[in-house]
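All chains should be built: construct the whole structure from the sequences, respecting the hints.
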Amino acid sequence: METKETMMDYILETPKAVLANLQRAEELTKPLVDLYLRKEYHNIVLVASGSSYTSCNCARLYVAETLHTDVKIVTPYNFAHHDYKLLRDDDFCVLLSQSGASTNGVEVLKKLKEINHESISLTGTEDCDFKDYSDYLLDWGVGIETVGYVTKGVETLTEYLMMFATYAAKAKGFIKAERVNEVKAQITQAMEMHKEVCDQTEAFFKSHMKDMTSMSKAYVCGCGTNYGTAMEGALKVGEAVKIPAICYELDEVLHGPALQLDPAYTVFLIDSGDETSQHAVDLYHAMSYVTDHIYILTNDKSVEDARAIRVSKPCEEPFTCFYYLPFFQLIAHYSAEALNSWDKHPLYFEMNKRVDFRTPKFREKVSPK
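Everything in the sequence shown is counted per the UniProt record's numbering, starting at 1 for the first residue and increasing by one.
To be clear, the hints were calculated from the coordinates, so they are not data collected in a lab. Be aware that one or more of the hints could be misleading.
[As the list claims (entries may be wrong)] Have a look at the derived ranges for each label pair, beta carbon to beta carbon:
1. 254 - 118: 38 to 44 Å
2. 176 - 209: 44 to 50 Å
3. 70 - 20: 16 to 22 Å
4. 345 - 19: 35 to 41 Å
5. 254 - 358: 35 to 41 Å
We treat Cβ as the ideally placed atom computed from N, Cα and C, and that holds for glycine.
Written as structure tokens, this is what we have:
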């Protein structure tokens, strides 16, 4: 009997995929780098949804700081109906989608053609619907990922965007070759920590199984690159465990959202190990007065080990997302497995028949159930 891959398989496969792509990063990113180097662009506009959107948020600050430009991230539907009006001729606009088969993405490509702006699509496969509408269709090198709750795609896309910025910045003279090697070393180290976090998370889940399998509502909070991690964490827990899981920025959570906190809430905080670190830890201790179901990814020793995930070799802040992402991916997987919460409510499919987010061609290949 054929064994189907699981979300866990792709989480554990991520370091191998990331490191393989790192070895060929210059070749892999060259098509996008070449497009970016054709002229001086005003801003970068990334159009993405779902996990591609969270990847963009993980990479955004690194890309912006490395290329000395602003990076705007827009959801496809909003772009196709509103934000396209703000797009300048000298904005470098890229549509990102692992499947290349989102209906909102097709809308974006049609809108770009309508306003005579070139269309660049970055996908996880070149055999997709986007190829019929794109001026340029590029593959970021995720390989095969057949599970809908994508994990490997998140980290390989984040890596691709960071390495694109790194090589484009080198070509523009913003950084030297030494920095390229430093970035590669940081991502390599992050993949070592990825395994470390995976091992810790397995033990963490066993210790906190009662809490992790009785979550009814959750907050996930981070900032910087880990605002993207928090987005992805909330998305994965919501998708797999089927509970309301909401992402907030590390301080913004205090400005309204914290008012509804009660002892039943589960809260996950992410300490990026930079100037925001103390605030993350202070928030942990303060929120502990409201709920016992609070956990933090931190190396701060004021937090008891039982409620913390730690790493032995922390990376520079932009690269911490690479080893914090698997914590949330695994918590979602372990909880969903324990609760058998993978199946959607039967009426979901009635809704999906009426408002589908994938193209008909995609549905012919992959049945919704």
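field: Distance restraint hint 44 to 50 Å, applied to the beta-carbon atoms of residue 176 and residue 209
entry: holds (49 Å)
query: How does the Cβ-Cβ distance of residue 70 and residue 20 compare with 16 to 22 Å: does it lie in that range?
result: violated (31 Å)
task: Mind checking the hinted window 35 to 41 Å against the Cβ distance between residue 345 and residue 19?
output: Holds, since residue 345 and residue 19 (Cβ atoms, about 39 Å apart) stay within the stated range.
field: Beta-carbon spacing of residue 254 to residue 358 - inside the hinted bounds 35 to 41 Å or not
entry: Because 38 Å falls inside the window, the suggested range holds.
query: Can the suggested window of 38 to 44 Å be confirmed for the beta-carbon pair residue 254 and residue 118?
result: The hint (38 to 44 Å, Cβ to Cβ) holds, given that residue 254 and residue 118 are roughly 42 Å apart.
When held up to the earlier numbered hints, the structure conflicts with hint 3 and nothing else.
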